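Chains A and B are the protein sequences, given in the same order. According to the working numbering, the first sequence is numbered sequentially starting from 1. According to the working numbering, the second sequence is numbered sequentially starting from 1001.
Calculated directly from the structure, the hints in this document are not laboratory data. All clues given are correct.
Quick partial rundown of chain A residues pointing at chain B, CB under 10 Å, derived from the structure:
1. G366
2. V371
3. L472
Covered, in the sense of this in silico footprint (three residues per stretch, anywhere, with C-beta under 8 Å from a C-beta of chain A), are these stretches of chain B:
4. 1089-1095
5. 1107-1117
Keep in mind it's a predicted model, so treat the numbers as computed, not measured. Cβ coordinates follow ideal geometry from the N, Cα and C atoms, glycine included.
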Amino acid sequence: MIWSVSWKNVWRNKIRSLVVIIAFIFGIFGGVYTVAVFVGMMDQRIDVAIGNEASHIQLHNPGYLDNNELKYTINDSPELISVIENLPEVKAVCSRIKILGMASTSGNASGVMINGIDPEKEKNVTGIANSIAVGGGSFFNGSDQKSIVIGEKLAKTLKLVYYQITPEDLVRMSANKKYKSVIDQIGALVDIRHRTEKDFDLALQNQLGEEQAERYGYFIKLESIKYKLRKKIVLSFQALDGHLAYDAFRVVGIYKTTNTAFDVLNVYVNSNEISHIADLAEDQSNEIAVLLSSMKYDKTTAESIKKLVPSLSVQTWDEILPEAGLYSQSMNFYLMIFMIIILLALGFGIVNTMLMAVLERVKELGMLMAVGMNKKRVFFMIMLETVFLGLVGAAIGMLITYLLVWQTGKTGIDLRALYGEGFETIGFSAHIFPKLTPGSFYQITFLVILTGILASIYPARKALKLNPSEALRIDM
Amino acid sequence: MKVIDIKNLEKVYNESHVDVHAVRGVDLIIEEGEFTAIVGPSGSGKTTLLNMIGGLDKPTRGEVWINGTNVGELKSSKLIDFRLNNIGFVFQAYNLIPVLTAKENVEFIMHLQGKPKAERDKRTKELLESVGLGDRMNSRPSKLSGGQQQRVAVARALASRPRFILADEPTANLDTQSTENLLDIMEKLNQEENMTFIFSTHDARVVKKARRVITLEDGKILSDERK
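Pulled out of the complex, with its shape left as it was, chain A reads as follows:
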């Protein structure tokens, strides 16, 4: 019956109870949704980190890790690859020659990491082949000699891109509702070639105005960027014997990931061509990358490989890209602070509300104690009221959050127009797909309800301190 009294007491002051319930809803929504956004971001980052950059496991000659020097090679790479390929949970393996060098065009030069690869094997391990930009050629087509695939960011640095809205681009953009309000102004820019991004930004600002240019600029640039394929890039580097080696490669493909720092650094060429220039034997490489069927096997498989080749360094993705782990940890830390702030605000809100609920019922509580309701039951009744409020708020909050995460998890939160470049600079996509782990969902809901219960202890104790005879004398 005390349960029933508590439940009825909750609805005694509907507006006040609704305010507390809404506080619970916001507490859960704020906490869980923020976690979902960050988890989504981190998962996307880790997916990209593993899929394009580090794979699950990498093997190196230990000396290579110190200075990235070409001479520290893994010998008999093909043999080692076939052994690793036979390990359970291994999906694909490839080897790479990795040389720090310089990429130059007539327009500019930039330091790069030259990745000498077997394109067919690389396709099975990393997603670079699937990251070729629209209009950016292909990931090696097999027949071309001395071809190179570079990142879009490097292409920009080496002045291998320009911006031009073609009539076809305009037709495509006209069909997209997104550009409806600016399509006429964009039309004025058709077939005008802008040599640099800066020039195009200025043209957009002049044509659309500053505000619209900021809003649509990112997407218009995506639609109108053009790549100067077939141009030559000269790669120069120190060969194995120390002499300066160089050769010209023709750009056949331009890739774009969500990590511009990676895109500006890594270029891909055929390993047999670069090994010849670098004076390496055909079976020598600097890196072997291993893709597993699932991330959960990374540590155990790394251990197995270590046993097979104790002389080599075997690292898992989080050791190769410690910044990804660091982001994850620092995000967890920020999330914790964020949650503490939410929970404190919620807690004080509940203390205030429940204190009001107790103080306005002093006479009634005094009566209950006078007629024989013991302190335990009074305490339980007040606590139960908060628990009911919390449960109602938690149920609604969980449902709303779940639906929103589900919806935005499908469509994504597109912040690319505002933060696209900034996010990509640090390796994150600004098109975020929130993701909920059941653990964090229940954990936060539990924390919110626990906060509610803890926050109701003070008002409930206040009720216990009432003296029935004094409480009954109060005029209310």
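With chain A fixed as given, assemble chain B onto it according to the hints.
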């Protein structure tokens, strides 16, 4: 048979560092089945005396014995249980639980006593019928008149089968008709079930019905008349 035995009872409040003697050396015995009114002007100590009899206030000196138990010596938790099982309370402002119906208000006390559902239902029905509210069992207090609410309060006070009922100015907020009804019901319960009633009151109508009238003044018994 003695229900209440009060010996040399005193209560001193310390208000703003000044001692206020609310009750001064009261000796009193209440027998089973009495219908007693405690009267006196405001500040004479009626409510304080009732609170000490009911175990709501601790005496400064003296003793209150109820059925052989010295109420003043009971610890807080024991005292609450003691009140639950021995004393019925009726308050001036009715003090029903507003979110519960008349039936639930009466039943609640028996729930606190841990009585089974069937017994609770039966007794609640009987009690509400005996106070003339058999047809308003499912009404909430806000839907009842003051007199009806006070009758529910009387039914609630009786629900725990107490040794006696303490009623602090039970008719102060009621009109003449409601007062008559309430007094008739309480008198009937007193006569038919031998229930002991102790009122504090200003109300001449209550005094008229009482069979024993104790007059207090300045915390002392000025007179104790039996009719």
